[in-house]
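K.L.:
Residues per chain, in single letters:
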Amino acid sequence: MGSATVKLTIDGREVEVPSGTRVIEAAKKLGIEIPHYCYHPALSIAGSCRMCLVEIEKFPKPAISCHTVAADGMVVHTDSGVAKQARAAMLEFLLANHPLDCPICDQAGECKLQQYYMTVGQYDSALLDNKVKKSKAKIIGPHVMLDSERCILCSRCVRFTDEISKSHELGIFNRGDHSELSNYPGMSLDNPYSGNVVDICPVGALTDRDFRFKVRVWYLDSAPSICHGCARGCNIRVDYLTRRLHHNDGKRIARFKPRFNPEVNGHWICDAGRYSYKTLEDEDRLYNPRVTDGNGDNPGWNAITGRIADALSSHISEYGVGSVAVIASASMTNEEMWAARQLFYDGLKIEKIAWRIPPGPDDIDDDLLIRADKNANTFGAEQIFGPMTHAADVQQVLDKIAEGKIKAWIVLDRDLSPAFGEEKIRKLTGGLKFSLYAGSHLHATSRSCRFLLPTAVFTEKEGTITNFSGRVQYFPLVVPPLGDALPMLEALSRLSAALKLEPISTDPGAVFTALAGDIAHFKGTSYAELIKRWAPISKIPS
Amino acid sequence: MAVQNIIKVAARRREATLGFWERVYIFEVVRGLWITTEHFVGNLYYHILKLFGIIKVHPLTPTIQYPEEQRTLAPRLRTLHRLVRREDGSPRCVACMMCETVCPALCIKIVAAEGDKPQIEKRPKSFDIDMGRCIFCGYCVEACPEDAIRMDTGILDIAAYSREGMVLDIDTLLSLQPAQRRTDKEVDELQRRLLQ
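Line by line, the protein sequences are chains A and B. For the first sequence, our numbering puts the final residue at 649, and the numbers step up evenly by one. For the second sequence, our numbering puts the final residue at 176, and the numbers step up evenly by one.
Simulated from the structure, these hints should not be mistaken for lab results. Bear in mind the structure is a predicted one, so any value in this text is a computation, not a measurement. Heads up, a few of these hints could be off.
Pairs of lysine-lysine residues, derived as PhoX-like cross-links and limited to a Cα-Cα distance of at most 25 Å, are as follows [stated by the list, open to error]:
#, chain 1, residue 1, chain 2, residue 2
1, B, Lys89, A, Lys358
2, B, Lys89, A, Lys321
3, A, Lys136, A, Lys191
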């Protein structure tokens, strides 16, 4: 190899790239998008779609820019007559057997066939032959549906299952225009990353069964966010509806899509994370503050925080502060944990703050993305609660309740029943003198608590979480909270005001600044910097 | 320019002053009464003639006696929507949401569902048009890739006792029929009347 970088000219503009870079990537660096289907930066190069043809001077004919390595002094034209004609002709081939059922295709609106047809397409068809019929709406896995007629045989999905998920379920069978994508006989596309083939499919061949016919994509707005499904903290894009809520069964969040971040998740997310959006607005959401033994009325935030403050103060004066435990969720944001520490440890002097629950036997780390720890912010909890608590393990707290040493608990957005069993939780909480739950959902744990405060899910608030490697990531508010729910930070702040303790700021930025001044791991990090690092959605799709 | 002229004319009108005879008032009252009487008597007389079929049209009786008498509609007039059926009776609509997207009044609401027949992949589970909001622009008809919605029922008297009543559902829209096609003679007659 010669020098480390090469200089080439694309569309009259010079660009310097590391040697070995493909022309398509060099063009991307200049902000030029060369139309392509089969090329994907994370997959091997197939060169099968021939859509990225460009004119390169001194080359005898157009060359595919995804496979041509940039060389010193190369002069590339992506928009010349030759390149345009080559692309239009290629697109005509790709569309030769395409059924053009865009009206019923879920990909319509984000389909690269549609996009490139509008920019480089040949509008009048010159084809007289009948289109080849193939199988339609074929279920090839728990999450994915295949329409072979729409497929342009780019083999991105085949390469994904071979190279990324390494599960090898898909292949292209038969020859010529009878070539057809399918799963191998007896195999179903059910690897934990199967949803990604839908994202990388540039056309409507592979569509999401979960998203099928729910809402047309042009009704959706997008916001960048962070997945809260496990400790990885994958960067995601939240697609949501603000108007036309008769679509998507009346729910605002329609789907999660991966957002490219080379340092965390690359181009992918797992299926568990992808479909975790369903819990955000399901029927178990807690909408109003509630007292479980009350008359079922909504007391309102002011009244209920007052009652909680009275009950908690009288409990502490009767049984002592040592009889109270806080069970925090390790999926809360760093700011909420800091506020909880301020309120319960510094304010009320409660020394038992537990968050640690060992992962279940089925939860294991895999070598791609999935982490055994299904909490989004365990690292943050270790940093923030770790130094001061006397009972980090939830098991310890449960044992002490069984012994009768703990007589009151405050559960912050956590369901203990999956880990410890519904029966046990119900039995233990029966003996509690005071129980408060602040969280987003109704479940076995929250139903057995006396006071319930509704809080927002992660798409309804902003904040930062720390992933398993210590990377602090910011996520913004996407949609306002449902019902009377409030962000946890605000709930804690109101509780603190009702207890007449030090006021807690409801602004995550201010809380983070206080936190960064105290906890070593966050020192030197500013909230504004995190917002800046939170990458907006990339303009050029991969 | 045109706008400035309009403003000028309006200003002049505002400044218009009454003449002497107009200010006397009594003569203007008599003149007004005369106009009313002329129309009343004329209308009464010619309408009676019309009632007995002695005359057909007369410039003094432009009133159409709705609803007994109804105006002939132009063939391309946009009237109440209907959903077109396929040959087997199922709706042609494939719930592609083109009409819902293009509708500037946001009066169309479609919910899509999996098709109920093997050859139909997607179908509308519900298709509501809020006629209280519709502005009869006809974009939905133009946007439809399947020719599934048309505005040719000839129905214009759309009324209901409530806002909800103005919302037509998929069954109603599918049950509507196109307006009767006119014979050539009727079209000629219509054109003659319209050109009059």
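K.L.:
All hints, please: hold or fail.
P.N.:
To see whether the hints hold, each was checked on the structure:
no.	hint	result
1	Lys89(B) / Lys358(A)	holds (15 Å)
2	Lys89(B) / Lys321(A)	holds (13 Å)
3	Lys136(A) / Lys191(A)	holds (21 Å)
The structure is consistent with each of the numbered hints, conforming to all of them.
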